[in-house]
Amino acid sequence: MSPVPILAVRDLSVRLGGRKGFLQRTILPVQAVKQVSLDLRAGEILSLVGESGCGKTTLGRTILGLQRESAGEILLEGRTVSGLAPEAARRARSIVQYAHQDAGAALDPWWSIGRTLEEGLLIHGVRNASERRDRVAAMLQAVGLDATSARRYPHEFSGGQLRRLALARILLLQPRVLILDEPTSGLDMSVQATVLNLLLELRERFALTYLFISHDLSVVERLSDRVAIMYLGRIVESGPAKQVFAQPTHPYTRTLLAAAPRLTGRRASGPSLVRGDPPNPTLVLPGCAFFDRCPVAMPVCQEAPPRLEPVAPGHDVACYGAFIEQTASIGAKRRA
Amino acid sequence: MIHILRKLSRDLPAMLGLGIVLFVLVLAILGPLLAPYPEDAAASHLTRRLRPPSAAYPFGTDNLGRDIFSRVILGARGALSIALTVVSTAMLIGVPLGLIAGYRGGWVSEGIMRVTDVVLAIPQLVLALALAQLMSPSLESAMLALSLTYWPFFTRIVYAETRRLSASLFVDALRGIGAGTSRIVFLHILPNALSPVIVRATIGLGFTILVAAVLGFLGMGATPPAPDWGLAIAESRTYLPRAWWYATFPGLAILITVMGFNLLGDGLRDIVDPRIRRSR
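Residue numbers (this note's numbering), protein chains in the order written: chain G, 11 to 346; chain A, 9 to 288.
Hint data in this document are derived by calculation from the structure and do not stem from the laboratory. For every residue, glycine included, the Cβ atom is placed at its ideal position computed from N, Cα and C. Any given hint could turn out to be false.
Residues from chain G that keep clear of chain A, each with C-beta distances beyond 10 Å, as calculated [unchecked claim]:
| hint | residue |
| --- | --- |
| 1 | L38 |
| 2 | T90 |
| 3 | S104 |
| 4 | W120 |
| 5 | A139 |
| 6 | P250 |
Ranges of calculated distance between the beta carbons of each label pair, as one might list FRET restraints [unchecked claim]:
| hint | chain 1 | residue 1 | chain 2 | residue 2 | range |
| --- | --- | --- | --- | --- | --- |
| 7 | G | N207 | A | S96 | 53 to 63 Å |
| 8 | G | N207 | A | L33 | 54 to 64 Å |
| 9 | G | E61 | A | P21 | 46 to 56 Å |
| 10 | A | Y247 | G | P119 | 51 to 61 Å |
| 11 | G | P323 | A | A168 | 31 to 41 Å |
Listed next, the stretches of chain G that the computed footprint assigns to chain A, with coverage defined by at least 3 CB atoms under 8 Å from CB atoms of chain A [said to hold, decoys possible]:
| hint | region |
| --- | --- |
| 12 | 105-111 |
| 13 | 123-137 |
| 14 | 166-175 |
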């Protein structure tokens with residue numbers, strides 16, 4: 011484990027949209043990401059889990075540099091790369107690349123695959139045309155596609171092949187950190203498995219670190235070293251995947267895990283199910299964002315948002331209830 | 009490209025349009041070789057004025073004894089070159105403005121689009137007449153007037169397409185891999201936005217031929233003795249209805265050419281934009 015994380019995010023906040031204008035309707039901004047801190051160590055797979063609209067993708071795009079941060083810091087291998095204008099930010103963060111959720115729509119329909127793949131190399135200063143062609147052919151083979159794919163167009167490929175193309179496109183730029191946005195959504199089970207195996211294989215081969223954005227818990231459990239659970243822009247629980255899945259501590263994590271469909275074992279039941287919808291994200295509530303859906307809410311939860319505190323080494327939770335339970339159990343042990 | 013042609017070949021009206029356009033194109037290029045009396049573009053023969061159609065003069069002769077058949081053929085080049093000049097000038101103005109307005113946003117975009125709306129709101133023929141009147145009546149001023157009134161159509165189309173495309177995922181992905189603005193706009197957005205522009209340009213060619221003929225008829229376009237179709241109809245007015253052939257054949261030439269461009273344009277639009285495809 012290297013001492014300096016390859017990617018570190020410190021108290022990152024992102025505000026989206028918002029418009030106040032003459033003769034125009036005022037639109038309130040959305041605080042999509044709130045004071046998020048993350049460490050990504052070289053070689054590991056960190057999964058970012060949460061329901062739709064919780065800010066996972068925004069966080070990914072902000073780390074990449076497509077979205078500007080409104081506060082906080084991003085460090086790559088210890089260097090600060092935040093606070094830059096969008097194009098400068100992209101240049102400084104070229105070791106980070108992003109794979110879109112919809113791999114097909116991320117390709118220009120008028121450009122052949124070969125031309126699209128070579129374009130990235132051209133942008134990154136590979137002037138020699140035959141070198142570009144060779145590297146594209148080699149990379150297509152590395153992701154398990156035929157070299158003749160270069161002559162074809164995006165609409166001629168299946169969903170699984172498009173994921174492979176998307177990976178080939180960004181891997182050509184020799185990244186070290188990949189942000190994978192729902193890399194398996196919309197694929198059938200057998201194709202999902204091959205894509206996941208390919209991801210693991212590529213990680214070995216190119217020494218990659220993954221930030222894996224997903225809401226598919228079964229995939230997350232199988233693939234990741236560590237997990238961070240997001241709810242309404244905040245990380246509410248993070249820790250080693252095994253531990254979080256075995257001992258979910260935050261009530262939201264518990265409900266999320268309980269709601270996941272399983273082939274074996276218990277069914278999701280009564281009180282642990284999440285009630286209602288997440289609150290309007292433009293509202294700024296003083297307390298815990300999960301308050302009105304939480305099964306174990308207490309009056310203190312409405313006063314200030316809970317901070318992430320360790321419940322076990324490396325396992326952090328942002329919930330007042332978790333600590334009361336813990337102190338209670340410690341107290342009980344002492345008395346005994 | 010082959011795919012588009014194959015689809016087009018199944019569309020009978022569009023094929024008819026394509027045939028007419030190609031025919032007019034051949035006339036325009038080879039006009040002086042095909043016309044039986046190519047010198048009649050300028051010469052006059054007062055001894056054979058206003059002859060009705062016959063074997064020697066299939067469309068009859070005009071008030072100066074010139075062969076109308078030859079002059080209709082010779083007129084194709086003028087009509088087509090006006091149309092091409094006007095439409096390409098309009099595209100040269102309209103397409104970049106649409107790209108800027110669509111990609112930039114903010115007050116630049118607002119400014120461009122409001123000016124576009126204002127120009128679009130004025131009837132084209134009225135503005136063209138006013139401009140042609142301000143300058144001296146000549147073919148050049150008519151062409152300039154038509155170009156200056158036709159660009160907003162292209163700006164509107166390109167603006168809408170650019171808006172749609174710059175929000176699309178593939179443009180986002182390009183920004184992600186570090187592509188610069190000019191690469192994104194010229195190599196990716198422009199080619200993707202081009203098909204509706206080509207459709208509009210095809211229809212615009214026909215429309216411009218019609219408006220140019222109207223300007224010629226009103227004396228704001230081509231000047232005598234040019235073999236212009238609109239001008240010929242204007243000159244024929246004093247000899248109607250006796251010399252019916254004088255106005256009829258140039259009129260038919262305008263009708264068929266404009267119809268050809270419109271049929272072709274409609275056919276192309278049906279291929280490019282499936283949302284408004286005719287049910288069949």
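Results for each hint:
1. L38: Correct as stated: the minimum Cβ-Cβ distance to chain A is 20 Å, above 10 Å.
2. T90: Holds: least Cβ distance 20 Å, greater than 10 Å.
3. S104: violated, 6 Å
4. W120: violated, 5 Å
5. A139: The claim stands: G:A139 keeps its Cβ more than 10 Å from every Cβ of chain A (closest is about 16 Å).
6. P250: Non-interface label on G:P250 holds, nearest chain A Cβ at 30 Å vs cutoff 10 Å.
7. G:N207 to A:S96: 53 to 63 Å: holds, 54 Å
8. G:N207 to A:L33: 54 to 64 Å: Given range 54 to 64 Å: holds, Cβ gap about 58 Å.
9. G:E61 to A:P21: 46 to 56 Å: Given range 46 to 56 Å: holds, Cβ gap about 52 Å.
10. A:Y247 to G:P119: 51 to 61 Å: holds, 58 Å
11. G:P323 to A:A168: 31 to 41 Å: This hint is violated: roughly 56 Å between Cβ atoms.
12. 105-111: Per the Cβ count (3), the hint holds.
13. 123-137: holds (count 4)
14. 166-175: violated (count 0)
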